[in-house]
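From just these sequences and the hints, can you work out the full model?
So the protein sequences, as listed, match chains A and B. 170 is the number that my numbering gives to position 170 of the first sequence; each next residue is one higher, with no gaps. For my numbering, count along the second sequence from 1 and bump the result up by 1000.
Please keep in mind that the hints were generated in silico from the structure rather than gathered at the bench. Just so it is clear, the structure is predicted and the values come from calculations on it, not from any experiment. For glycine and all other residues, C-beta sits at the position ideal for the given N, C-alpha and C. There may be inaccurate statements among the hints.
Stated by the list, open to error - Pair by pair, the computed Cβ-Cβ distance ranges are:
1) A:D215 / B:D1084: 28 to 38 Å
2) A:G110 / B:D1090: 44 to 54 Å
3) B:A1193 / A:Q167: 22 to 32 Å
4) A:A243 / B:A1079: 41 to 51 Å
5) B:D1083 / A:D113: 45 to 55 Å
6) B:A1076 / A:A109: 28 to 38 Å
7) A:D215 / B:A1193: 48 to 58 Å
8) A:E56 / B:A1253: 45 to 55 Å
9) B:E1269 / A:A109: 38 to 48 Å
10) B:D1113 / A:A109: 39 to 49 Å
11) A:L218 / B:A1253: 17 to 27 Å
12) A:D113 / B:A1079: 27 to 37 Å
13) B:A1021 / A:D215: 45 to 55 Å
14) A:L279 / B:E1077: 28 to 38 Å
Below are the chains, spelled out letter by letter.
There are 2 protein chains.
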Amino acid sequence: MSPDHGRFSLNQATIKYASLAEALQVAREAGYRSIGLWREPVQEVGLDTAVALVAESGLRISSLCRGGFFTALEGAERAAALDDNRRALDEAHRLGTDTLVLVCGGLPAGSRDLAGARRRVGDALAALVPDALAAGVRLALEPLHPMYAADRAVINTLGQALDIAEQFPVQAVGVVVDTFHLWWDPDLLAQIARAGSDRITSYQICDWITPMPADNLLARGVPGDGHIDFAPLTRAVAATGYAGDIECEIFNADVWNTPYAEVAALVAERYHQLVEPHL
Amino acid sequence: MSPDHGRFSLNQATIKYASLAEALQVAREAGYRSIGLWREPVQEVGLDTAVALVAESGLRISSLCRGGFFTALEGAERAAALDDNRRALDEAHRLGTDTLVLVCGGLPAGSRDLAGARRRVGDALAALVPDALAAGVRLALEPLHPMYAADRAVINTLGQALDIAEQFPVQAVGVVVDTFHLWWDPDLLAQIARAGSDRITSYQICDWITPMPADNLLARGVPGDGHIDFAPLTRAVAATGYAGDIECEIFNADVWNTPYAEVAALVAERYHQLVEPHL
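Rendered as structure tokens:
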């Protein structure tokens, strides 16, 4: 019999090269009750098939990654991004998750207007909130590490994400707390308390390793392999009353080249060791 | 006749492979009035010779890099770091600069106690303040980009640096505003205003380029080559009344492999174009 990992969910990106069917099987066999999905492998099989595979697996979907990328200037690109986010909300609803994770996007090509790009994130959320409410899916704004400010996400602290999220109903907009992106922030514990269980839609664990791998998009480490102390962060999240999923999402070439089952077992072991005792 | 670059100073690290004598000559011939020095090339020729070379050059020394690295736990390593900072204060005084730039250090090996390391930065400054006042040299606390929190510097925002600096007399402790490290911070303009001309000891310009070079320590770009809008940051610094040096410090393998005189001319050109109009 496989162990039970309770609130711990395997994000599919941690076993990136697995197809949807493989990922569901790996998670189930490793004792997970839930999995976080990505849109690309879902789209590979088509939404109907994906929904059927998920139903068969018996797994709950903790989140869908990802919407966002809506910092483009007014025009066709921005309209297309908003439409794509509406499709993503529908996909999330069909897959049975209430959480669509958003990576909000970096500076538009050639632009240095960081403040403007940040304003457009709020504007895009305002446009999408009615769709989110209709779909019963929350837009989960994920602040990304400041090293991605130029090219991935102009929202870089939890405080900044909350300044935006708080303009909208909690049923429509929440925030993701990802240790890799936020661990360095001297204001993090206070901002987690501010977020509260109302706004936190996902708690994601992932370590910061050094030296940084050459590709900074693949710089994440297995919890316990790096510099982050998961105890105070987890206690702060638990203190809000947050009772939702805890996902592990790792972008790392070495992890991706390790057999899926091994990865699924390893990150669960680290969760039980480093995170669960502090919940 | 060479142009005059006014308040703009060439940090020696921008032409890293130049000896002290070469760096002084390059800066003077390119029309600089001042240069920021590093301790290693100074120590290579010895302090007495360095002082003589500087006097001969006619250049003013805008800063000395670097002290710091004092996050070690109580013990021999920490005592040695404090002693080394005292030597650095003396070197700065002898070289005629009032600014010793501090890179405060990352987590001690094997430690995940980020809060503790941050407390020890304040403790180290407290220990060094009398020496700084005696030397007439300010300890210039430099917040480094959050991507260096684990291995280089646990002080990562201007607000955090000011929380520490404000515990000490302005004559003893100031802060460095470096665009590369701080540009992403949504609270930056407010924190620059908070710092004021009293606390800002150095304004350093350097760009954020993408994709990030494989070695994240060498990720800096020539102003204008990247994503930073220097106008609002420079206006914010100028609005405080800051009238001190503006340095360009670039760690970048391509820049280091370019002829020194070319680099000195290029960064000055960018200063005149992107920064000076906003002072």
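Checked hints:
1. A:D215 / B:D1084: 28 to 38 Å: 35 Å, holds
2. A:G110 / B:D1090: 44 to 54 Å: 48 Å, holds
3. B:A1193 / A:Q167: 22 to 32 Å: Check passed, 25 Å falls within 22 to 32 Å.
4. A:A243 / B:A1079: 41 to 51 Å: Holds, since A:A243 and B:A1079 (Cβ atoms, about 48 Å apart) stay within the stated range.
5. B:D1083 / A:D113: 45 to 55 Å: 47 Å, holds
6. B:A1076 / A:A109: 28 to 38 Å: With a Cβ separation near 52 Å, B:A1076 and A:A109 fall outside 28 to 38 Å, so the hint is violated.
7. A:D215 / B:A1193: 48 to 58 Å: 37 Å, violated
8. A:E56 / B:A1253: 45 to 55 Å: Given a distance of about 52 Å, which is inside 45 to 55 Å, the answer is holds.
9. B:E1269 / A:A109: 38 to 48 Å: 24 Å Cβ-Cβ, so the 38 to 48 Å window is violated.
10. B:D1113 / A:A109: 39 to 49 Å: 41 Å, holds
11. A:L218 / B:A1253: 17 to 27 Å: 21 Å, holds
12. A:D113 / B:A1079: 27 to 37 Å: 48 Å, violated
13. B:A1021 / A:D215: 45 to 55 Å: 39 Å, violated
14. A:L279 / B:E1077: 28 to 38 Å: 36 Å, holds
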